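K.L.:
Chain residues, written in single-letter form:
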Amino acid sequence: QKEVEQNSGPLSVPEGAIASLNCTYSDRGSQSFFWYRQYSGKSPELIMFIYSNGDKEDGRFTAQLNKASQYVSLLIRDSQPSDSATYLCAASSGGSYIPTFGRGTSLIVHP
Amino acid sequence: DVKVTQSSRYLVKRTGEKVFLECVQDMDHENMFWYRQDPGLGLRLIYFSYDVKMKEKGDIPEGYSVSREKKERFSLILESASTNQTSMYLCASSLKQWGYTFGSGTRLTVV
Numbered sequence: 001q002k003e004v005e006q007n008s009g010p011l012s013v014p015e016g017a018i019a020s021l022n023c024t025y026s027d028r029g030s031q032s033f034f035w036y037r038q039y040s041g042k043s044p045e046l047i048m049f050i051y052s053n054g055d056k057e058d059g060r061f062t063a064q065l066n067k068a069s070q071y072v073s074l075l076i077r078d079s080q081p082s083d084s085a086t087y088l089c090a091a092s093s094g095g096s097y098i099p100t101f102g103r104g105t106s107l108i109v110h111p
Numbered sequence: 112d113v114k115v116t117q118s119s120r121y122l123v124k125r126t127g128e129k130v131f132l133e134c135v136q137d138m139d140h141e142n143m144f145w146y147r148q149d150p151g152l153g154l155r156l157i158y159f160s161y162d163v164k165m166k167e168k169g170d171i172p173e174g175y176s177v178s179r180e181k182k183e184r185f186s187l188i189l190e191s192a193s194t195n196q197t198s199m200y201l202c203a204s205s206l207k208q209w210g211y212t213f214g215s216g217t218r219l220t221v222v
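Note that the protein sequences, when read in sequence, are chains A and B.
Numbering-wise, our numbering puts 81 at position 81 of the first sequence, and it's gapless, one number per residue.
Numbering-wise, our numbering puts 199 at position 88 of the second sequence, and it's gapless, one number per residue.
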């Protein structure tokens with residue numbers, strides 16, 4: 001059974017701080033990793049994907065992948081109240097178009 | 112801007128009714144998916160399709176069917192709606208393994 005684990009939170013950080021969201025996965029064959037942001041009552045939106053070990057940066061977001069530890073993280077720098085949402089981590093194996101989703105971490109950024 | 116459009120944002124149906132949920136994408140994606148999302152249970156895959164006329168069962172297909180007569184359109188059918196099918200239904204599409212684009216979702220209430 002492929003699993004993606006996330007702490008449900010909520011993770012509460014002050015405005016301007018770095019928010020660190022973490023995710024572990026069980027399938028060593030996983031090759032593609034995704035972070036989705038979901039605002040309350042809305043649908044998920046893809047914000048980052050990463051395939052290689054190391055860091056990938058896009059604006060205030062950095063995705064980090066460590067395949068040896070089966071660990072993916074999302075860092076949000078200079079967190080804003082508008083970043084308050086649930087963040088879903090997903091992992092898919094090579095050749096599979098269907099990722100396994102975690103249940104999400106709720107992030108609250110307070111002014 | 113790429114788009115996945117779900118025909119209804121909110122629906123209220125009676126127990127036993129046949130319900131059609133429509134999803135259209137304008138990105139020429141081969142892959143289309145139907146999920147339901149419930150609090151505490153995360154995203155659960157109902158059905159998916161990799162090509163026109165093709166369909167595959169996901170994790171929870173019971174009580175549902177799908178139709179894909181055209182590449183851009185993927186319909187979810189609740190054969191006889193029941194109260195335990197009250198949920199948020201999310202359609203998604205993807206090109207190969209490059210992550211999902213979700214529709215805005217349909218919140219279905221069965222009374």
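It is worth saying that the hints were derived from the structure and are not from the lab.
The structure displayed is predicted, hence computed values, not measured ones.
Check each hint, because a few of them may be wrong.
Below, in silico cross-link-like pairs of lysine-lysine (BS3-like), each with a Cα-Cα straight-line distance of 25 Å or less [what the hints assert, rightly or not]:
id	chain 1	residue 1	chain 2	residue 2
1	A	Lys67	B	Lys207
2	B	Lys182	B	Lys207
3	B	Lys168	B	Lys182
4	B	Lys182	A	Lys2
5	B	Lys168	A	Lys2
6	A	Lys42	B	Lys114
K.L.:
Each hint: holds or not?
P.N.:
Hints versus structure:
1. A:Lys67 to B:Lys207: Holds - the C-alpha atoms of Lys207 (chain B) and Lys67 (chain A) are around 22 Å apart, at most 25 Å.
2. B:Lys182 to B:Lys207: Given pair Lys182 (chain B), Lys207 (chain B) holds - Cα atoms ~14 Å apart, limit 25 Å.
3. B:Lys168 to B:Lys182: Between Lys168 (chain B) and Lys182 (chain B) the Cα gap is close to 18 Å, so the pair holds against 25 Å.
4. B:Lys182 to A:Lys2: 29 Å, violated
5. B:Lys168 to A:Lys2: Holds: Lys168 (chain B) and Lys2 (chain A) sit about 17 Å apart, inside 25 Å.
6. A:Lys42 to B:Lys114: Given pair Lys42 (chain A), Lys114 (chain B) holds - Cα atoms ~15 Å apart, limit 25 Å.
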